[in-house]
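Protein chains in written order, with this note's numbering: chain A, -16 to 287; chain B, -16 to 287; chain C, -16 to 287; chain D, -16 to 287.
Keep in mind the hints are simulated off the structure, nothing from the lab.
Each residue gets a CB set at the ideal place from its N, CA and C atoms; glycine is no exception.
Please note: incorrect hints may appear among the correct ones.
Unchecked claim - Example chain A residues on the side facing chain B (calculated, C-beta under 10 Å, incomplete):
no.: 1; residue: Pro72
no.: 2; residue: Phe191
no.: 3; residue: Lys211
no.: 4; residue: Ile213
no.: 5; residue: Tyr231
Stated by the list, open to error - Negatives, chain A to chain D, calculated, CB over 12 Å:
no.: 6; residue: Ala14
no.: 7; residue: Asn75
no.: 8; residue: Leu110
There are 4 protein chains.
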Amino acid sequence: MKYQTILDELLAQIQLEPIEGQVATYIPELAHIDPLKFGVHLSTLSGEQFTAGASREKFSIQSISKVLSLAMAFQLEGENLWERVDVEPSGNPFNSLVQLEYENGIPRNPLINSGALVICDVLLSKLDDPLEELLQFIRYISGRPDINYNKKVAASEREFGHRNAAVVHLMKSFGNIENDVVDVLDFYFKKCAIEMCCEDLAHTFLFFANHGKVPSTGEEILSRSQAKRINAIMQTCGFYDESGEFTYRVGLPGKSGVGGGIVAIYPGDFSVAVWSPPLNPNGNSARGMKFLEELTTRTGASIF
Amino acid sequence: MKYQTILDELLAQIQLEPIEGQVATYIPELAHIDPLKFGVHLSTLSGEQFTAGASREKFSIQSISKVLSLAMAFQLEGENLWERVDVEPSGNPFNSLVQLEYENGIPRNPLINSGALVICDVLLSKLDDPLEELLQFIRYISGRPDINYNKKVAASEREFGHRNAAVVHLMKSFGNIENDVVDVLDFYFKKCAIEMCCEDLAHTFLFFANHGKVPSTGEEILSRSQAKRINAIMQTCGFYDESGEFTYRVGLPGKSGVGGGIVAIYPGDFSVAVWSPPLNPNGNSARGMKFLEELTTRTGASIF
Amino acid sequence: MKYQTILDELLAQIQLEPIEGQVATYIPELAHIDPLKFGVHLSTLSGEQFTAGASREKFSIQSISKVLSLAMAFQLEGENLWERVDVEPSGNPFNSLVQLEYENGIPRNPLINSGALVICDVLLSKLDDPLEELLQFIRYISGRPDINYNKKVAASEREFGHRNAAVVHLMKSFGNIENDVVDVLDFYFKKCAIEMCCEDLAHTFLFFANHGKVPSTGEEILSRSQAKRINAIMQTCGFYDESGEFTYRVGLPGKSGVGGGIVAIYPGDFSVAVWSPPLNPNGNSARGMKFLEELTTRTGASIF
Amino acid sequence: MKYQTILDELLAQIQLEPIEGQVATYIPELAHIDPLKFGVHLSTLSGEQFTAGASREKFSIQSISKVLSLAMAFQLEGENLWERVDVEPSGNPFNSLVQLEYENGIPRNPLINSGALVICDVLLSKLDDPLEELLQFIRYISGRPDINYNKKVAASEREFGHRNAAVVHLMKSFGNIENDVVDVLDFYFKKCAIEMCCEDLAHTFLFFANHGKVPSTGEEILSRSQAKRINAIMQTCGFYDESGEFTYRVGLPGKSGVGGGIVAIYPGDFSVAVWSPPLNPNGNSARGMKFLEELTTRTGASIF
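Based on the sequences and whatever the hints tell you, model everything.
This is the structure:
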């Protein structure tokens, strides 16, 4: 069956089901999003585009941005990066301080908050204006020059971000943060407030499915080995303490955000982004997870 | 390059390097294994066989048996199985009681000790003689009727297995063990004491690479979806708290045992078993991990 | 005011209040105790006896026995005892395995289950029949030759005691148990099943209030320093993760049991035992705690 | 024997022993203290003063200040205080975030850092200038109008105090901090930087030994019940994860600070302050602990 038919059918089917989960409420800007919104976009390496629902409506990509900042830091630092952050699944909620304390300020992986904050610190030490460079990078790959972050969201994140502040202070007490706590948090909150639509996300993440090269231009963003390794990290760590469940049900590497977005990669084949704001108890889009499970079941797309 | 050339070259190369890691010493039968032993066998779906070193020498498969008992239990119970064991990476050593206590006796996944012990309990409730059935299953798939467990190893495991006994008693206190503690442990220790060579293991695990069907006969052991799901569990949980590292470096689903064996699966392509007794600090074969990393780097075999 | 008047008034007052808490239900023998039972007995060093309610009715002393077995082991081993068990409050439930795993099988203190099980192991290594010696010791001090343990309670404890079995196996895996697991558990469960009444308990514990000497005979059970030290351990560790609360409210060293008994010591002055089966969420007698708080408030009896 | 003779003898004895432990090095101002300094002062309720060594030399009282700020907050809030902080020993290092995260931002007790920071927050909400009021309170009770905090120490604490900042942010994320994080930390660090000598400390803490009344004037600082309760908290929580050990060896309520000071209380009798900078691995003055153990052994002073 063609992808477009499957997307259309799954969209129709999912809209008949009762909504499960809750829209994120920790900041007012996210709390007011319409829970019925649903969008999906799938881009193949051969250039085909499949789309359904509100696939061009921008939303807060939140933790999905962690993969992009990780890619930048990996470009700059290579394997040295792993001296400051590990690549193991955490087995704990995304923002836990327990493991960080037991493990002397070295985060389990770069896709939980603590790890992503270390990545921000790495980029702050290497680049003059890492936020601007990250935005340029995303604009370039996605071909969408208007991509930006939402200032109100970033401000709210900062206001209510005491747990992230605790995480950075704790890591700094262990010597694993080089820059000022305020600067690390500022970059992190702005980066999480970047807004993109499903189409943008699918385009942007397509190079992870193409062994590190942008399909349209052939430009190498990451080496083949680096792209494989980031995909591997997404597979084991992309969904907090539901990473095993996502791997089990969907069978593709991916990353979610509390804005309700999920991106998944089928290496050698396609990237797909879905968006549905209500989150399950583990903080991942409930409908997004179901949609991707159905999609991979129907298409047989799985790395396993 | 052909697989045989690569195996031969890697074997030659690895034998020049100093031995790292330590042979398991917790029972005398394992402690006396020659640390220089090294074997590897790779079987493709098209029926090719590649082999190097001591690939026909039997060793204690230990935790590798957990995947096979899981496959049997999954056949019998289907998705109900997950009411008694989860599919998340643990983020803790293989035999930790901490998580089990916090999580009310439900193990994180079926490939850590607690989860494998629950699987043993499931099989004991369903089958008259689960050990015999497991052995028959392995003999049938591998085509090796002489496969058996080592009685001395099983006896030693029992004698020194107080931590596993603690795990079973704790789970029973939470109501997650139905059978007698002694019977669960007895089955578990015997199952872990099964002895196979690299060739046997590669043959046996090939159906996981073939969407659940035995390539030579076409018989379906697991459904396509079930095979995918067990591969997914191997990917996220197969190497204790080094599962992320293995995924990152090797990029294939697999499972290790403290006897020094590792099996890995390249879905749609091949299965491979390596054996080298010295273990790294996380309890996985040090040379085996390196060998598989080199193998996938040279061949480009990776699911990502 | 005289102690007798206070006991009578508090008894009258407490019987008007609604019952809070729940009788222990983990074994049938405890579950069937009448929740309205209440007894209290206070013995002074000068030989006065004050009593109210069901003070001569026997009940299962359970964890209160831990102080008596500790006293015996301390007599035999002296300060060497602390190589196998610490004297710190645990900050965790009485039967937690978490701390034990992090701290390599050394229990936090001798009044949580793990610590008391180590004490049982110590006595088993030193004495031919430690249960008989413990019973003789209690019969001698209390002057009650009929004190014994309840066989049905001991049998039930064993049947449902999988968590304690887990604790002993875990400690044995760390090398902190010398005897057979079954023997340690057998002694422990029998010892916990000892039955005494409030009067027996007050008489038996009076030597802790008298710097280690039995007041009636002058016989020294423990040295002055040893008695002080056990009182100190009762103060910081006697009430599981409510030890701070008991110290805060009552201000006396003491020990509780899930049978609903509590013994408290006013050094240089008196011992007091109360009994009321319903337990608060921390496993301590709800009415017993309140009674002792009122008693010390009215009499000004506090070590602080 | 008279107290003065004992103090002199113990001082002579302790100076012959090799120094154990390490002076606190986390801020430069503490790192440069002479490790050989030793002072002690004992004040009785009857007005006698006993002194030895550098008993009039000021040092940084650090965590000893937690008892004084607690006393102020208890005066102001009464039992309501315990809605925001518990009275249980922590069983963890003084600055652990683990428990705080598991227990939703409610500190275990007011004498670990997290609890003392909540007390600072309480005082900031109630008082215009809590630091000034605390200083006035100490100056008044001790009769030493020149007592103040050390600005350089406070500044260094702030500069290196990322773990405490993490603690406050984490508690604020749970809603258990009302004021600005910066203000809470500022008050906390200044309060910890208060400098007093052994004589000042013994004088100041004497009202805890006198059921809440200043002996010289009869003024009631705390009610009899309140004084008892703070003494109880000192007993179970005053020495971090060595509180049980101190209770066991010394048998008196007390509080230590990383400046090397320890204050202990013998209710109804005396207060005593010792000072020796080198700390044992638990962060308590090594010589101070030994001195107090010897003192109570020789004098028989113990509440047990």
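Kindly indicate which numbered hints from before are broken by the structure, ordering the numbers from low to high. 7
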